[in-house]
Amino acid sequence: MGYTIGIYLAAGSSSRMGRNKLALPLFHTTLGSVALKVALQSNLDEVLIVKRAEDHLEWVDSSCEGQFQSVTCCDAHLGQAHSIVTGIKAAITRGADAVMIMLADQPFLRVHHLNAMMEAATKERVQYIGTNVEGRTQPPLLFSKEVFPDLMKLEGDVGARRLLPTLTGMSLNIKESREAYDIDTEEEYTWLISQQSIP
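With my numbering applied, the sequence shown has no gaps in its numbers, which climb one by one up to 213 at the end.
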């Protein structure tokens with residue numbers, strides 16, 4: 015697929031958590047930094063964090079500094095679609111041939127899965143590669159640039175999955191369903207920190 019940019023969606027309001035979940039401590043780093051490190055270790059050509067205007071990225075682990083770019087979504091409060099549009103606009107200006115849309119609250123993501131998605135994209139003539147979790151396609155989602163115009167039309171609190179029925183694509187299985195877990199509530203965070211590690 016050529017030059018591939020990871021769009022790291024970190025502009026959510028954490029409304030169900032009641033506090034900035036990306037800054038929550040997790041295994042000697044922060045929740046938001048775990049998947050970010052995975053993205054940076056993958057074969058993505060560039061990682062772009064989409065953030066809120068008031069977010070100064072204090073939650074980002076110091077080991078990640080200088081390895082990513084960031085862009086502010088001024089309309090983040092209007093829903094996820096606005097973060098996606100902001101990311102796509104930035105990716106277009108950077109000459110992206112494809113984007114991988116990632117959620118910043120998926121701490122079980124693995125480098126091998128991201129790389130497998132990109133490898134599949136080079137072999138298959140499809141518009142997207144998704145993540146199959148028990149028969150359902152979830153993020154991360156990899157889109158070719160021919161889908162960028164459709165992604166730019168998303169509105170409100172609508173994710174990129176809304177487009178999938180209209181596109182040609184495929185989804186890759188993950189080794190464990192928890193790899194696609196996202197952490198939204200205090201209960202989920204309590205369970206998460208009870209884990210010894212993220213193997």
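A hint or two may mislead.
[To be verified] Restricting the straight-line Cα-Cα distance to at most 25 Å, the calculated cross-link-like pairs of lysine-lysine (PhoX-like) are:
#: 1; residue 1: K189; residue 2: K51
#: 2; residue 1: K159; residue 2: K103
#: 3; residue 1: K167; residue 2: K103
#: 4; residue 1: K189; residue 2: K137
#: 5; residue 1: K51; residue 2: K103
#: 6; residue 1: K137; residue 2: K159
These aren't lab readings, by the way, just hints derived from the structure by calculation.
Hint by hint, work out which the structure violates, then give me just those numbers in ascending order. none
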